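A.B. asks: Sequence:
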Amino acid sequence: MTKKTYSIQQVSSLTNLSKQLIRKWEDRYQIIQPDRLDNGYRVYTEDEVQTLMQLKQYINSGMTIKQAVDHYIKNKDIPEADPVSFFHKALIQAGTEANEHEILHLLEQAHHKFGVEKLIQDIVVPFLHEVGQLWCEKAWGEYQEAISSQTVRDFLSHIRRHFFVPDDAPLALGSCLPGERHEIPMQILLIQCMLRGYRTLMLGPSPAPTAIQSAIALKKPAIVLLTGSTEIAYNEFAQSVHTLEKLAQVHEHISFFIGGAGTEQFYEQFQLKALKLARTIEDILPPANL
Numbered sequence: 001m002t003k004k005t006y007s008i009q010q011v012s013s014l015t016n017l018s019k020q021l022i023r024k025w026e027d028r029y030q031i032i033q034p035d036r037l038d039n040g041y042r043v044y045t046e047d048e049v050q051t052l053m054q055l056k057q058y059i060n061s062g063m064t065i066k067q068a069v070d071h072y073i074k075n076k077d078i079p080e081a082d083p084v085s086f087f088h089k090a091l092i093q094a095g096t097e098a099n100e101h102e103i104l105h106l107l108e109q110a111h112h113k114f115g116v117e118k119l120i121q122d123i124v125v126p127f128l129h130e131v132g133q134l135w136c137e138k139a140w141g142e143y144q145e146a147i148s149s150q151t152v153r154d155f156l157s158h159i160r161r162h163f164f165v166p167d168d169a170p171l172a173l174g175s176c177l178p179g180e181r182h183e184i185p186m187q188i189l190l191i192q193c194m195l196r197g198y199r200t201l202m203l204g205p206s207p208a209p210t211a212i213q214s215a216i217a218l219k220k221p222a223i224v225l226l227t228g229s230t231e232i233a234y235n236e237f238a239q240s241v242h243t244l245e246k247l248a249q250v251h252e253h254i255s256f257f258i259g260g261a262g263t264e265q266f267y268e269q270f271q272l273k274a275l276k277l278a279r280t281i282e283d284i285l286p287p288a289n290l
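The numbers in the UniProt record's numbering rise by one with no breaks, and the one at position 117 of the sequence shown is 117.
Be aware that a few hints might be false.
Calculated lysine-lysine pairs in the BS3-like style (CA-CA distance at most 25 Å, straight line) [as the list claims (entries may be wrong)]:
#1 K4 x K24
#2 K56 x K138
#3 K118 x K66
#4 K113 x K4
#5 K113 x K19
#6 K19 x K56
#7 K219 x K273
No lab work stands behind these hints, which were simulated from the structure alone.
Please read these numbers as outputs of a predicted model, since none were measured by experiment.
The whole structure should be built from the sequences, with the hints applied where relevant.
C.D. replies: Here is the structure:
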């Protein structure tokens with residue numbers, strides 16, 4: 001199999017380094033040695049792209065380019081951490097610095113390298129867990145947590161809006177519960193539905209039950225997904241949860257699922273039945289149905 005190669009323009013886009021700087025590093029440090037086509041244009045391998053990304057990460061951590069090159073050469077024969085580990089560390093570093101642009105660029109690089117499903121499972125979800133942990137431990141302030149979470153949310157929203165699904169595909173309607181404002185879990189869930197052939201529609205955070213009811217009547221979804229990551233919906237909007245349970249009972253032809261940490265805590269107490277508890281995408285769309 002022929003290994004994939006990249007033009008200098010593609011490498012510049014992937015690494016966020018200028019073409020001039022890439023050529024300068026090549027000429028001055030010989031850290032990468034791209035092949036040339038018959039027309040003289042450079043072509044870069046995946047390994048060379050990763051080398052440039054690693055150098056950029058060293059520089060972002062405070063090294064000069066000379067120090068970064070020396071450090072890379074010294075350690076290049078040592079078995080490297082896998083690329084997933086690289087992105088974990090780089091994202092945490094960017095989040096610590098509240099560097100929205102770098103977080104977004106790293107997510108774009110990971111998307112390019114891994115594809116959507118692996119990006120979500122191996123990069124986004126662990127990063128969000130770490131963000132939450134750092135905030136709970138007060139290692140991060142609210143600003144760092146907010147920048148990191150909002151950048152991930154916007155990135156996932158962009159993926160979902162630009163993912164092609166046929167117009168005649170079944171519809172998955174997703175919504176936070178009334179009072180719930182943590183929308184990233186639903187963004188992830190809807191992307192997973194798209195990967196399995198569903199069109200998606202997401203209501204805004206903390207919608208009124210009537211908004212969900214109206215969307216069902218107008219859009220006629222095949223499945224309805226609801227999330228409650230916190231206790232707010234169950235403590236402050238309990239009647240709305242019961243209203244949604246009754247709504248699910250009326251629409252027997254639609255599959256209703258509900259999930260989230262808050263939901264798991266209160267599911268039995270609220271005696272929910274028509275709203276089926278789901279912890280993963282497999283609970284909603286089992287592999288046998290893919």
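A.B. asks: None of the hints should be skipped; say for each whether it holds.
C.D. replies: Tested hints:
1. Restraint check: the Cα-Cα separation between K4 and K24 comes to about 23 Å, which is no more than 25 Å; the hinted pair holds.
2. As the CA atoms of K56 and K138 are separated by approximately 28 Å, the hinted pair breaks the 25 Å bound.
3. A distance of roughly 34 Å separates the Cα atoms of K118 and K66; the hinted pair therefore is violated under the 25 Å criterion.
4. With a CA separation close to 12 Å, the supplied pair K113 and K4 stays within the 25 Å bound.
5. Distance restraint check for K113 and K19: the Cα-Cα separation of roughly 20 Å lies within the 25 Å cut-off, and the hinted pair is therefore satisfied.
6. For the given pair, K19 sits about 14 Å from K56 by alpha-carbon distance, which is consistent with the 25 Å threshold.
7. For the suggested pair K219 and K273, the alpha carbons sit about 23 Å apart, so the restraint of at most 25 Å is met.
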